Amino acid sequence: MNQILVTKKLYITPELKRKKKIYKFDFFLSVFLVCILISLCIYAEYDRNKSEEVSQDILANIEMQEDTTVAKNNILVVVLDDEEQNERIVQEQTNTNNNVNPTKKTVQTTQEGYRYTTIATINIPKINVTYPVVDGETDSAEETEILLKMSPTKFWGANPNEVGNFCIVGHNYRNTKFFSKVPTLVVGDIIEITDLSGKTIQYKVYNKYEVAPTDVSCTTQITNGKKEITLITCTDDSKKRVVVKARE
Numbered sequence: 000m001n002q003i004l005v006t007k008k009l010y011i012t013p014e015l016k017r018k019k020k021i022y023k024f025d026f027f028l029s030v031f032l033v034c035i036l037i038s039l040c041i042y043a044e045y046d047r048n049k050s051e052e053v054s055q056d057i058l059a060n061i062e063m064q065e066d067t068t069v070a071k072n073n074i075l076v077v078v079l080d081d082e083e084q085n086e087r088i089v090q091e092q093t094n095t096n097n098n099v100n101p102t103k104k105t106v107q108t109t110q111e112g113y114r115y116t117t118i119a120t121i122n123i124p125k126i127n128v129t130y131p132v133v134d135g136e137t138d139s140a141e142e143t144e145i146l147l148k149m150s151p152t153k154f155w156g157a158n159p160n161e162v163g164n165f166c167i168v169g170h171n172y173r174n175t176k177f178f179s180k181v182p183t184l185v186v187g188d189i190i191e192i193t194d195l196s197g198k199t200i201q202y203k204v205y206n207k208y209e210v211a212p213t214d215v216s217c218t219t220q221i222t223n224g225k226k227e228i229t230l231i232t233c234t235d236d237s238k239k240r241v242v243v244k245a246r247e
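Numbering that gives the first Met the number 0 puts the sequence shown at residues 0 to 247.
No lab work stands behind these hints, which were simulated from the structure alone. Mixed in with the good hints there might be a few duds.
What the hints assert, rightly or not - The list that follows gives simulated cross-link-like pairs (lysine-lysine, DSSO-like), each with its CA atoms no further than 27 Å apart:
1. 198 with 104
2. 180 with 198
3. 225 with 244
4. 244 with 180
5. 239 with 203
These numbers were taken from a predicted model, which means no experiment stands behind them.
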């Protein structure tokens with residue numbers, strides 16, 4: 000028996016001890032990394048839920064203000080030149096003598112100091128989402144990124160329910176929140192936009208496609224005098240952008 004034990008002990012070389020320590024280190028490192036990954040996933044989900052709460056708070060405030068707003072003047076938007084997205088837009092008031100005051104917008108400020116207004120509400124019955132649409136003051140990339148964490152955001156174009164192309168961007172969180180289900184829309188689906196005067200217009204999807212992140216051709220304001228909206232979000236792998244086009 001003693002001979003067996005001595006013989007076994009002889010096989011435990013310094014090299015084996017070193018490898019055993021390395022295996023233990025690798026094991027504990029793997030456990031540590033898995034814990035960090037789980038923590039990041041939990042925090043990301045918490046952050047998304049927090050964003051949802053902020054968005055719904057904004058939406059609730061819009062609903063309380065709808066009865067106190069007054070209708071806006073009708074605006075005619077005429078696009079003269081669309082080269083390189085530098086559109087020249089002529090805005091002509093068609094009811095200048097009806098003594099109607101424009102709708103007042105409440106300016107709010109994010110924790111980071113960016114000022115924004117809520118300009119509309121978007122409702123997509125098929126995917127059961129309703130959100131406010133916010134608009135920043137500077138249109139900088141930093142401002143847009145902050146606002147996107149709160150709610151879908153105006154990216155470019157005409158004002159809500161006016162002639163032109165009202166472009167809205169929203170995050171794809173790969174769940175049911177924000178624009179996550181927008182890529183599932185198909186031609187014929189309905190999107191509803193309610194402006195601050197309380198007017199709701201239904202838009203029917205007529206096209207959907209994917210583009211590179213740098214391709215902004217979908218924001219063109221040439222609409223042949225029609226009212227259009229464009230929804231933009233990421234693909235599930237975030238490599239491309241999903242574009243959904245709809246017309247009144």
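Hint-by-hint comparison with the structure:
A distance of roughly 15 Å separates the Cα atoms of residue 198 and residue 104; the hinted pair therefore holds under the 27 Å criterion. A distance of roughly 25 Å separates the Cα atoms of residue 180 and residue 198; the hinted pair therefore holds under the 27 Å criterion. Distance restraint check for residue 225 and residue 244: the Cα-Cα separation of roughly 13 Å lies within the 27 Å cut-off, and the hinted pair is therefore satisfied. A distance of roughly 15 Å separates the Cα atoms of residue 244 and residue 180; the hinted pair therefore holds under the 27 Å criterion.
About 23 Å separates the Cα atoms of residue 239 and residue 203, which keeps this hinted pair within 27 Å; it holds.
In summary, this structure violates none of the numbered hints.
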